[in-house]
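Colleague: Next come the chains, spelled out residue by residue.
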Amino acid sequence: MGFFLETLLGGLMAGMLYSLVALGFVLIFKASGVFNFAQGAMVLFGALAMARFAEWIPGWTGIESKLVANVAAFMVAGAIMFAVAWLVERLVLRHLVNQEAATLLMATLGIAYFLEGVGQTLFGSNIYKIDIGMPKDPVIAFDQVFEGGILINKEDLIAALIAAALVALLTVFFQKTSTGRALRAVADDHQAAQSIGIPLSRIWVIVWCVAGIVALVAGMIWGSKLGVQFSLTTVALRALPVLILGGLTSVPGAIIGGLIIGVGEKLSEVYIGPLVGGGIEIWFAYVLALGFLLIRPQGLFGEKIIDRV
Amino acid sequence: MLYRENGQFKTSYRADQQIFPIQQDRIFIGLLLAVAFVVVPGLASDYLFRAILIPFLIMALAALGVNILVGYCGQISLGSGAFMAVGAYGAYNFFVRIPGMPLVPAILLGGLCATAFGILFGLPSLRVKGLYLAVATLAAQFFSDWMFLRVKWLLNDSPSGSVGVTNLQVLGWPIDSAASRYWFCLVFLVVMALLAKNLVRSAIGREWMAIRDMDVAAAVIGIRPMYAKLSAFAVSSFVVGVAGALWAFVYLGTWEPAAFSVDLSFRLLFMVIIGGLGSIMGAFFGAAFIVVLPIVLNQVLPLLASLVGVEFSTTAVSHAELMIFGALIVWFLAVEPHGLARLWSTGKQKLRLWPFPH
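Sequence order for the protein chains is P and Z. With positions in the first sequence counted from 1, the corresponding number in my numbering is that position plus 828. With positions in the second sequence counted from 1, the corresponding number in my numbering is that position plus 17.
Next comes chain P alone, as it looks inside the complex (with noise of 0.2 Å):
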């Protein structure tokens, strides 16, 4: 029992970063009908850019704070991240207008494989460290209750709480400001959007800049686990089934779906695993999701989709 919590526990502290990523996917998705592909490559640029600078930057100033350091370097790969969404609004999407859905998902294929050359090409293509200070030692918990207790990783747990407070931001935004409504108003339709003023390619930019910044806070959490490297990219691979499987289109979707992928995967990978060889996470979250999709086509809390001749 105590192991079963502990792995039902890691699942959903895995979760929880899955739905952060795909968060990203959900906020572009909803503002403007792209499927946004870079987004993993938006993880591991931004995670890149804040390694990279938490290392140049003492060097350059001579600070010596680990926190001041991170700080600004933080802030430097959010410009940085800012300055990618505008030239991605600039440079692509405003010459896509009206064209098929699937025309855009290639597009930001071919935006993937720019910015995974760019960030290699800035930043290099080694492994780089993110320390922001996150502790590496489990604790044990419930101890009197289960026998062993449960093994609690700290660092999944802080991560999991930073994810928490992103989404509840994230869902403030949206909600309270008139910034977050412009946004809602252009995902439900983007004509009656125009007509009542919202310039739409300045939400474009807005949108882009979230996604950007949820993508950095993803990659410092992933990249303080697992380092910075070019494999950070399939961590977006790993949260699309979360994306399906809570809807394209639906905030709470990503989350709850992140949620049920990363328990899934991890008792997956437990209980079956060991019978078929195991290493069965990766497709088991697909298959997984797509079991839902085949009861619910568009997701738990997508919207329901109308066809009309």
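One or more of the hints may lead you astray.
Within a straight-line C-alpha distance of at most 27 Å, the following computed DSS-like cross-link-like pairs (lysine-lysine) qualify [said to hold, decoys possible]:
| hint | chain 1 | residue 1 | chain 2 | residue 2 |
| --- | --- | --- | --- | --- |
| 1 | Z | K169 | Z | K214 |
| 2 | Z | K367 | Z | K146 |
| 3 | Z | K146 | P | K1132 |
| 4 | P | K982 | P | K894 |
| 5 | Z | K146 | P | K858 |
| 6 | Z | K214 | Z | K27 |
None of these hints come from the bench; they were simulated from the model.
Chain P is already provided as a structure; the job is to place chain Z on it using the hints.
Modeller: Here is chain Z on its own, set in the frame of chain P:
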């Protein structure tokens, strides 16, 4: 002047329905085939065969298959690499497990394995559409990545995880020199392209296109979506599977699952988009573009850098390749969303009137 079709009257339905109704097209295709079969093998060097021509032929075949599914039936697939893998490993198993198995039937049986796999993973397409399906097809990709890494039986219990074939021959003719490999792939490509071209002109091809353009409307006028979608998955994955078997047998020789990774799926999709969705010709253009581009960049970039006096390392080249690749894709999509095939048909249209503009 040269490309003028007035005076070419069709007096029977047969004449009206042939693949190339314009005489100049027939002559051009005939010349092209003659060049491909006779002239090229005489002139090409070993390097040219191995680095460009053979990959081009096989990738064109794969792009043809992907185009049937994505371009003609509108089912976006990111799992084409998986279908290639299934074709390759299927053919491998038939080839090494059955004593005296001839090469060509083994490859075709590999294609049939891919068909079964394609139908299985095409089943969600009956419920799920568009971008959801695109993500769902990734399930096929990751499943095959896992399967050919972990299920040792499929690898003929090879301990290293990589498998290989040797001693290829057709009816006693060995396929070992570069030119014979080229001919072998070329025959497959020409036959399959001809079949595909005819298939998309037939009733079933029209059903696919109706489903692509508007599936609800197509269902209303009596096209069965299930039959149309699954047949597109079946035909497409057969062609892609055969291409996969050729890629493994003829081009790689020895391979492991990483040869058919998700990156290959993306590349196949690029070929189809850059070449032109819903066009047989486009598959050839797209494949040529994607195969040749990295090689050209590899040659040109260090040369340009040395002109300016900068040293260009191999990692820098690979990063620059990624960047240029990405930028080109975006540029293409913005400038010519219908791909190179559209440029080709525009060119033909202009030729009809040449030298007069109207």
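Colleague: Would you mind marking each hint as holding or not holding in the structure?
Modeller: Status of the hints after comparison with the structure:
no. : hint             : verdict
1   : Z/K169 x Z/K214  : violated, 38 Å
2   : Z/K367 x Z/K146  : violated, 38 Å
3   : Z/K146 x P/K1132 : holds, 12 Å
4   : P/K982 x P/K894  : holds, 20 Å
5   : Z/K146 x P/K858  : holds, 17 Å
6   : Z/K214 x Z/K27   : holds, 21 Å
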